[in-house]
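Put together the whole structure using the sequences plus the hints.
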Amino acid sequence: MDEICLLGDFLRERREAASPRQVGLPDSGSRRGPGLRREEVAMLAGVSTDFYARLEEGRERHPSGRVLDALARVLDLGPDASRHLYELARRCPIRRGGATETVSPGLITLIGSWPTTPALVCGRFLDVLATNRPGAVLYDGMDYRDNLLRMIFLDPAAQTFYLDWERLARARVAWLHLVAAADLEHPYLAELVGELSLKSEEFRKLWARRDAGDLICTPQGVRHAMVGELDVTGTTYDVGHASGQRLLLLQAEPGSPSEESLTFLSGLDTG
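Following our numbering from start to finish, the sequence shown increments by one per residue and tops out at 1430.
Since the hints were made in silico from the structure, they are not lab data. These numbers were taken from a predicted model, which means no experiment stands behind them. A few of these clues could be false.
Stated by the list, open to error - Simulated restraints, written as ranges between beta carbons of each label pair: (1) R1232 x D1342: 41 to 47 Å; (2) S1356 x P1193: 37 to 43 Å; (3) V1182 x T1319: 19 to 25 Å; (4) D1235 x Y1396: 26 to 32 Å; (5) D1239 x R1382: 18 to 24 Å; (6) R1326 x P1193: 48 to 54 Å.
The C-beta atom is built at its ideal place from N, Cα and C for all residues, glycine as well.
Written as structure tokens, this is what we have:
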């Protein structure tokens, strides 16, 4: 059983163990199973029923810290159970076309040892396979953190979060065209492009341009809700032992206000 299933199983088990009275709901009417209904958990946590269902089913892999906090509150998780929930969400692998793509334990340990440098490990289609603590804090509040393309095109907060949204959006679509050229029949690629095309007019326009390019070094200024604007640069590196995986580092100029802000954010308690 992989960790996607573990996250979904954990949420389902805790939902079934909770009682309506425990969360202030009337314990009446016919229920198909024990505990709370999915729609009740979703309502109390402030997310859509579809979003919560995707969490339990493993189709949504990286909920935000805000969502995890809300679920821990609704499901009445103690400190240890809350930490376990965060750990399951942080280390979820990505399932693509029936297979599971995972990150080596050594690389997870390496990025975890960087106390103030946000780092993501991405698959070739920009799935987020692993995130360290500074990265999780930086992107906290974003609803789509399982894939960088879904984040920039489907997340309502993206155009406010990224200071140069258009430039970064073009770069990420150009990267997808570059890697797609080698595997146009990949089922996950068709699924991803289909979802983005259906839900985002901006993606449809950029995808039709057929620009192709690498993501080597890209300015990624962001506007964080707690510290304001951050001047950071995203640099990607090939993960040599894992075909298609890239390591993305977000770094600020040493000694700059942005570096100080990253240090501050990295010290926050996210759960």
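Notebook entry, point to check: Cβ-Cβ distance between S1356 and P1193: within 37 to 43 Å?
Noted result: Holds, since S1356 and P1193 (Cβ atoms, about 41 Å apart) stay within the stated range.
Next item on the list: Hint says 48 to 54 Å; check whether the CB-CB distance for R1326 and P1193 agrees.
Entry: Since R1326 and P1193 have Cβ atoms about 51 Å apart, the given range 48 to 54 Å holds.
Next item on the list: For D1235 and Y1396, compare the CB-CB distance with the range 26 to 32 Å and indicate the outcome.
Entry: violated, 42 Å
Note to self: The hint says 19 to 25 Å between V1182 and T1319; measuring C-beta to C-beta, is that right?
What the structure shows: Violated: the Cβ-Cβ distance is about 32 Å, outside 19 to 25 Å.
Margin query: Taking 41 to 47 Å as the stated bounds, is the beta-carbon spacing between R1232 and D1342 within them?
Written below: holds, 42 Å
Checklist line | Beta-carbon spacing of D1239 to R1382 - inside the hinted bounds 18 to 24 Å or not | finding: Violated, since D1239 and R1382 (Cβ atoms, about 35 Å apart) do not stay within the stated range.
The structure is inconsistent with the numbered hints 3, 4 and 5, although it conforms to all the rest.
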